[in-house]
Each structure stands twice: as C-alpha cells, then as structure tokens.
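A.B. asks: What follows is each chain in one-letter form.
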Amino acid sequence: MTTIVRHRLFWPAAVLVVLLVSNVFFSPRFFTITLQDGHLYGSLIDVLRSATPLALVALGMTMVIATGGIDLSVGSVMAISGAVSCLIIGDLSDQNSVGGVLLAVGAAIVLALVLGVWNGVLVSVIGIQPIIATLILMVAGRGIAQLLTDGQIINVESAPFRVIGAGYALAIPVSVIIVAVVVAVSVLLIRRSALGVLVEAVGASPTASRLAGIRARGLTIGAYVFAAVCAAIAGLIFASNVRSADSNAAGNLIELDAILAVVIGGTALTGGRFSIAGSVLGAVLISALDITTITVGVPAETTLLFKAVVVVILCLSQSAAFRAAVFRRRRTAPVTPAAEVPA
Amino acid sequence: MGDPPILQMTGIRKAFPGVVALDGVDFSLRPGEVHALMGENGAGKSTLIKVLTGVYGIDAGNIWLDGAPVRFGGPLQAQQAGISTVYQEVNLCANLSVAENIFIGREPRRFGKIRWSEMRRRSVELLAGLDLHLDVAAPLSTYSLAIQQMVAIARAVDVSAKVLILDEPTSSLDASEVERLFEVMRRLKRDGVAILFISHFLDQIYAVADRLTVLRNGTLIGEYPVADLTPMQLVTKMIGKELTVLERLEQEPRTVTADAAPEPFLEAQELGRTGAIEPFSMAVRGGEIVGLAGLLGSGRTELARLLFGADRPDHGSLKIDGKPTTLRTPRVAMNHGIAFSSENRRTEGVVGELSVRENIVLALQASRGWSRPIPRRKQDELVERYIKTLGIRPANPDVAVRNLSGGNQQKVLLARWLITEPRLLIVDEPTRGIDVGAKAEIQRLLVELADGGMAVLFVSAELEEVLRLSHKIEVLRERHLVEELDNTGGGVDADRVMQAIASGANA
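Protein chains in written order, with the numbering used here: chain A, 20 to 362; chain B, -3 to 503.
This is chain B alone, in the form it adopts within the complex:
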C-alpha cells in the first residue's frame, strides 16, 4: 500500500442554502484500488462526487490530482484531466451503435469525414480489453442494461483512464450481470485504474472493494480497509446511533399500545412481482403502524407500490377486510380506502405546476369524479384546515407547489391523502430531505393518525425513525422480506434490525 494517492481531497466543505452537505470531508484514492463510498441517503456521497467532478464548486478544502492542486469547472474538464463518471442510469444513446456511443464527440476523422472502419476496429479492440465481444455496429439498445453499462465504462476508460467513478452501477443489474461487471472492474484495477464505487448492496462492497470511506450527514466517519469491518460494524457506522435533537425530545420509547384492531385491514399472501419484490406475506391492522426497514434497493418501495396498485403483482393474493381483492390500479386501491404518498415527491407526488389548493384536493376530486367538483367553500375550508394543522408555508393556497420547499411539498402531499380519510396510509420516505422540525411534526401526525384507528405503513431509510414509530417492523434485504419483528412496547433495538439486515451480507 505504498502507492501515493492519485486523488486526494482534504477538508472539503460544501453548503447549500440551509443545509451543510459536506463538512470537512477527506477522501483519497490510490491507483489500482476499488474504493467504496458508503453512507445513507443524504449522507453526502453524490455531493462529494459532484464536487470532485466540478458540477458544484466547493466552499473550503483542496483537491489534488497526481500531486497537483486542481479545481474543475465542470465534468468535461474533469474528464479531460482523467476523471470519468458512469452514472446509475446509462447516459448513452441507445439508438446509436455501440461504436458510435464509444466515440461520440471524438470520432476518428480524416478530412472532416468520420472513419467508420477505424472507429469500429478501435471499439472492438477496446471492448476485447474488457473481455467483451460485441457486434459494435449493432444499436446499443440490442444489448442488456449490464452490457450497456460496460460500454459506458469502456467509453469512460478510453476517454481518460486514471480515475473511474461508478455511481450505483449495479442497482438495475441481476446477479450474473453484477459478477460480469466486477470482472471488468478487477481487470481495470490490474491496469492501475483507481475506481470509486458506490453501491447500496453490502455484499457487493465486500466482493469487490479494497477500502471504504463512510460518510454520515455530510461528515467523515472514517476510512477503513474492507477486511477490517464486519457488515454489522459497517451498518452501525453508516446509520449512526447518536441522538439528534429531535430524538432527545421524544426519548421515552413510545409505549406502543396493542389496541390495534383484531382483524387485519389488509393481508398479503405470497404477494410478489418479478424483478421488484420476492413473494411476501404480511398483514396491516387498523390503529397500527407497520414499519418497513432495509437498505436502499432492498425492495421497500416496490412492496409499498404493490399494496397501492401502482404496480401489478404477478404472484400471490391480497385480502382487504378478509375479502380477496385485486388492486388493478391506484384508483381501485383508493376506493378501498388506501392512500400512498410516494418517495419521489416531485415526479410522482405533487404536480408542481398546480397550486397548493389544487394539489391538496386532487385525490379527493379524482375519486369524486370530474362532474362533482368540490364546492369552492368546502375546498377553502379543507385547504385552510390542513395548511394550519400541518403548518404548510407559505400559508397561501394559490401559490404553485413547485415554489415550496421539499418539506412543505411533503406536507401538501400528506394533506392530499388525509382529506380522503383513508383507512390505510402508505407513506414512503415522508421525512427524507426535510428539516428536523417538519420531520418531528410529520412523525407526530402519523402517531396521532394511528391512535385514531388508521392503519399506517411507514417506509423509511432511517432506522431510528422506524423503530420509534412502528408497532411492527418488516425487515427487507435484497428484495426479500426476511423478518418480522414485534415492536410492541419498544422491544426491538437498532442492533436487532441491523443484524437482520446484515445477516445475509456474509454469504
């Protein structure tokens, strides 16, 4: 390990209005290593990459590449200096050929004319170097996502071969494709390329990474050789256990009462959808908060979507109030009293162009049908009540929702569902990316709703939050529901859940 780092970042600080995204973070990368960047959502991983590649400027700190201080004005400059990034979504043109994708923007030319044969020959050579043998004249779309990913990597490596950043490249690949990608990574490693690897799958980190750096809430937790940490220790470091201000407020474990309805409102039996979530069975009762815990990509959202009819299951069955039911569309689920607030607030939740009022009444209006508009006075009354109860700011019903902050958009979305008076409220990451105060308000609200008899399915990446609110915790790992923990009386602690999450990672 005597190699001097090819890339070194020290004391990096980056603040956005109201949020410090990175605070005094150090990071170093050596040639010929795979270095994993670990942390929960919002820990600052993507900000660090964007700072490195010049998408964002930095407020303090230094970046050295090959021993020389650098500061990039944008990804193109970073690429020219030898840092390439391959993102989760393949950023290539699927309708162009493989060779065109590899050489787009830098085609070999003579007299201003593209030399197609030269381009194809060099593409074949380059891909052979990664042990890939493709028809380079075929459109990229004819190949699987994994191969497309590798073509993107081939392009990145050919453009500049010093530092390669892989931002969640495996999130849409299956096991054999992942193995293939790892082969390519090991090959590049032998050639001396430094690889920064981000993945939410712990087993992948253990399979391919040499060292890892853990970030939490924008601060550096530490840098470790992968072999020195057990998966359990790693999860603990990522999630952290120190109490936030909020948690001290509510430190007494909520006496989770067992006065849930005896009969389940909703019962899933071996419900599943290929490629999204393996068959699972669970029940939700009125008056009960069921928490879904698991790392990103463990299938939390996919499970929730099945219970709302947002996706159709291809396996198993569902009962509502004991009666077999098929939720073909969200509308059918709504008619059964199910509400779903998506984790993607901006794209799947609020309609940014519309006003706060219109967004709040949207679901209720949809279920009443277009011909029975909610009278304006009733709208005003409902909207005003929820703006007040949830503390939506600005408290102006006519402002367009896209101008609201994330937390207020979330509250608008919750208000939309609360006025439909659902029997089961599914909330996916309702507290992600919002400030501590709003977070506490939303948590308190969920507890009140459950106390009032509503069933709540609570999905969150934050374990502490799930533990504090849930009567029952369903633990997911790698698209399987692996364990159900009874939290009545606060019997479950973080270690217990982490154990369940990490138990498969050693395999």
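The following block holds chain A by itself, in its conformation from the complex:
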C-alpha cells in the first residue's frame, strides 16, 4: 500500500478518480459507455477526446521542459498548422480527395519542423532564454496564422480531414488513436534509444553533461522540433474537429495548460527527470476538470475560479509538507527529502 501511495503519480491519479466519481452525483450515467452505430459514446470517452490536443502538446512540452527549457509558442504553432492545412484543403478542386488532405497534413508538419528549428536555434545556438525565445513565436505565430487566413475563419467541408478530429475507427475516436500512437511511438523512441537519458542529463546538469561529451545543442533543438510537431498534430485535430481554421481560438492559452499538465505529471520545471505517462495523465486530468465543470453545472462565469480551486488542491496534495501538516501524524516522518549524504 505504501509503495502505491509513494508512487510519483499517486496523487494526481487520486485527484482524477475523485473528480470522475464526483461527477456521478450530478450525472448518474457518467460512467456509462454505450455503443451506437459502431461508435463508443459516453462521458469518459468525451474526457479522452477533449484531452487529445492537450495531451499531444503536453507530450512535446515534457521534452522541452526536461532539457531545462519551456515552449510558449505551442498554441501559435497549433493555429499555424490549422491555418495551413485548411488553406490547402480549401484550395483543392475536390475537398474530399484523400491525397489532397494528406498533402495538407504533410505541409502543416513540415512547417512545424521549421518553426521548431527556429525555437531550438534561438535557445541553444543564440543562447536566448527559452521563455523569451519562444515568446517571439508565441506572439508572431498567431500573427502569421492570421496573415495566412486573411484574418478570416476558413471553413472546410472535407470528409477525409474530418476523420482526424471527429472520426471513429474500431468504435474508438480517431483522435484518441492518433494520440495513443504518437505517445507510444515517442515513448519507444525516447526510452529505447539513449535520447531520454541524454536529455535528462543535459537538463539536470548542463556542465557535467558537457564534460561527459554530450552535445546538448542537437538534443535541445530536437526537443523544440518535437514540441512543434506535437503541437502541429494537435492543431490538425482541433481544426478538423471544428471544420475550420480559427486562428484566434486554436490553441489559445494551451501552453499554460500544457505546462500545468507536465508539472502535475511530476516533471520538474528545472529540467532533468521527466515522465511522459505523467504528462498524459495530467492532460487527462485537466480535461476531466473541464468536463466536470459542465456536468456539475458550474456557472460559466465561475468556471475558471472552480478550475483554480481544484488546481490549488491538486498542488497541495502533491506537497509532502502540506500533507504532513494536514494529516499531522505523530510520526517523525521527514517533511523534506532526506538530506544529501555529506562527502
């Protein structure tokens, strides 16, 4: 039991369960999942579906934060990716051409690669602090997206494109499958290769890593590229779901939710050790929170306040010092981790 409680992800998982269960009091059929027309329906499915863009962005953000950086531009990259893809699809003679949609998707991802290189170069070659370096694209990127769409919302009616965000395969939402595949491939790539440990070393101690012969530059650029590509896919899911490129709404403030998801998942903002599973859990938790505000019937004007309160509770639950003070055991459990062994 204690080993479960001590697990890094115990408290966020516990909060998630409490959130989901509390929904049942307001919506008794919350846990019911039905099969209609070969599609799974239910509130839990909604939680997963609405978590998909955030989970992808949080996945990319995890790698950037692990290097000791941060990426504020992910929301803008989502907007650009949506704008580019809808622009291309809108220009197709036949919007339902699968080849044309694939071209649009490819173009959005290639552009994201470029944007990621831009961020990475600013941070690791020019040496600008990550928060400032990515702020540039955060501000400029939304402008680029608006420029691409002439400030209009571009609507598309493309069945193949619609599949990405709203389609079903094997009764499961395609967006959920996409995220699952991207996460699985990333975990395999990062943990089966030496990328994970090298990134962790760079994030935890840049000096020691340099003296161990690690070339941090390539790893850092790679992390920003990865974050941009994840954001671009998230942007595609979003655009597909709303059948349009909305440069203002796409990914608006998602960078903050993504950072929150990463932190909830147990990755420290100072870099080093990271947990992809934790970040995905964090994204699902934030999505569950959004859905809960709806089922509980929190008035629209107090939704943000409600979210804030839950986040505060979540953060407190993860603080060992707070737990010790609240549960006030007579044990002499150390409040802080054991001190380092002196040299």
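It should be emphasised that the hints constitute simulated quantities derived from the structure, not laboratory data.
All clues stand as given, with none of them false.
Here are some, though not all, of the chain A residues that point toward chain B, as calculated from beta-carbon distances under 8 Å:
1. Ala223
2. Arg229
3. Ile233
Just so it is clear, CB atoms sit at the ideal spot from N, CA and C, and this is done for glycine as well.
Knowing the structure of chain A, use the given hints to seat chain B on it.
C.D. replies: Positioned in the frame of chain A, the structure of chain B alone reads:
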C-alpha cells in the same frame, strides 16, 4: 603586542559523521592585526570560520569575544556582535547600485520611506574612508570584481567593525587589484579592526599578514609571527610529512619504471589561456603518470581543462600522436581518447539526479550518439564489473548518485571514463575528501592503468600522493609551469618540490 585578543577560541572540536573536521584547535585574534589562517584543502579553515560565525555549532571548546563567552546561532548574530565575513564570491547584488548594496536591509528611513540622499551621502563617506571614490548610484556590476570586493568590505566594516573575516578575497583578482585590496586592509588595520585573512598565495601572506596560524587535518600545528617562518618552512608545516596509515602500506617507493612509450601521446607547445594559465609546454606518454603539483590557484585545474577541450586555449598548439590537433570541445578530446574527471564532482562530474548505471554509461553513450543505445545487457555487464572492481557502495546500479558518499561518487566518475577505454586519463583531485581506504584503491587503480599502457595526468593538492605515483612532476606556481622534475626511480622528494613551489614567494 600587549593588546589583549579581541577574539579567542580554545579547544574547538567539530565532528561530522565520519570525519573530525576540527580537533582541539586554538585561535586568537588581536585588534589591529592581519592574521592569516593557513592550511591545505580540508585542513579545517572554512570549518573554523563557520564555527566562529555560527553556521555550525561546536562539539567542544569555547569562544570569547571581547572577553565574554559567546556562542552564535548564525552569521546574522555574529554580525550583530561585530564579526563580519566577506567570501570569495562576492555576495552582493550586482544589479543594485553601490549605495543600495552597502545599505541593503538597513536603509536609512524616515516615516517608512527610504532616504536616498542620506544613503548616498553616507556611502560616499564610507568609501572615501577606504580611499575609494565611486559613483554610488551606479550599478555594482559596472565596477570590477576587485572594487565589488571592496564594496563588500565597506559594507561589512560599516555593519560591524570589530572583526573582519576575508575568505580568499584575492583568488579572482589580478596583481594591481590585490595591491589595492591590501591598501584597504592596512587602512582598516590602523583603525584597529582585527582581520582574519585566508589566501592560498604565499606571497600575499608575506605581504600583508602579521601572524599566522597553521592547521592540518583539523588539528592545530601552531601560531607564528609571519617574520619567523620562511616560505619553505611554512609549506612544510602546511603539507606535513608524517606518514599516514596508507603511506606506510606503500612505503617502498614505487619503482617507477621507464617503459613509457617513446613517442608522446600528447604534446602541448606554449599552450595557454589568458587569465587561466600562462603558456606551457609538456608531453605525456602512454604508460606514464604525469603529476601536477602546486598550491591551490596555481593553475593545475586550468591546465588540465585545456588538455580536455573544456576551455579553449588562446595561445600555442597541441599535438596528438604527433599530429597538430585543436580540441574545440570535450567531445573532440574524447574522440581522441582523452578522458577528464573534474575536481568538482557534484557540479561538473556526476549527474546527481541520475542513477549509478546511467552515470557510468553516460560518456560512452554520448560518444556512441543517441541512436545507438548501449544494449541493456551490455550496460548491466559493464556497470556490474566496475561496481565490483572499484567497490562502489551501495552496489545498487539503480540508486541515484546524489545519495552516494563523495568517495563513491568519485568512483562512479572514474568508472564512467574507464569504460570509454581512454588513452589519456586526466584526473583532477580524484582523492579529495574521500576516506583513506578508497584513496588507496584509486591510487592503485591509476598505477595499474598506467602499467597497462594508459597515459595518466594526475592532479592533486597532496604532494605525497603526487610524488608516490608520478613518473614526472610538473610544478606550477601562480599560473606558471615553473619546473619539470623527473621522478623515475623515485628521485624527487617533497623538499625538492616545495623548493620549486616556494622559490617565487620571496620576491
């Protein structure tokens, strides 16, 4: 010398788990004197200061200030009682103005509002007292490190003017800046301030100190008027000659054989870096241990870093296997078969957050690149072998390295480089701060590696250790390589090296 001491410490004892840092140390300080505290690394100098200023409690002994027994709960209390400390790194806020730095936390106020003009006026007066004329409204960062140091001293003196502790204030200053600092010290001395001065530069001690106290391994060696000791005698007292347990084990001087490779593996010609190490020339051959000897700050580490590409030289050239080479980065050096274990284990060596396994394979993995991970079975095999050979404890590859003791962290760091099978292993202070047993193991290991044909560059502050292991000793003083001594057959003794170290101190 009839003045009663303003500060007296007697029978001070302080133990940390496993180490006695201070044992029965006496120390006294008179008003109007500069008193140098001397000793090698780990001799207990900083512990003594921390005990005095209340950073650590003491296990036994007494401290009197102005004739009254005192025991401080922390540096703030010590400061209020009249003891201020200025550390090696300037502990000020470089982005604030000079005046703000002097008065931070005790700004002159009226009705809760800071009186800026009053603050500036008093800062100007205070600095003028030290013969410093600065724009006190300018940010501190606009001034050189030396001036910043003096602003720190001005602040310390203004806060409390009885006892001033200067902990290696000169380590980052150049010669003219040091002279300026000494002027300030002499001025304060005339005003009756008692100054405790720590410096690793012998000539500075002779230039400014009146008396000195020597510590070695946490015990008091003695207190002497500076004029009564020659630099040679002082170095002898600091380093000591009594044999430790370890040395008795290996007393027979190692028959340092001359079967080194005829052609040098690495050859430096007039290699140098401004402000770090003056141009030097040396060669290292396979199968040979080259020792770097010299006091702290003599440029040992700086030299070693140039040979690993950790810093870039701005002078001279380097040949590896006879071919001219530029080591732009550590990675380039690694590709040439050079390994470097830093003296700063925690910050530049191991990555504390990562496990023992990850730390051990880190350098090898880095040189293979991210796309070719070392298979887990190979990792386990390598890690297990080195945990066993080096006796790393706990023998658990999955424990985070920050939870290991210093000696075991050092072994992890050595293991990291040994699995890369380097041709030149540069080890900077591999035995510092680790226990006698582990020390002997590491020394034995280095000898075995050299016997196996590896070139070893061995940097250590402990002269005995350098003498025992090295085929060749490069002596450094004040960022110059001053002499190369051939130790084949154990021909060099400590006196000879000390002579080389001390010879410049009389100047």
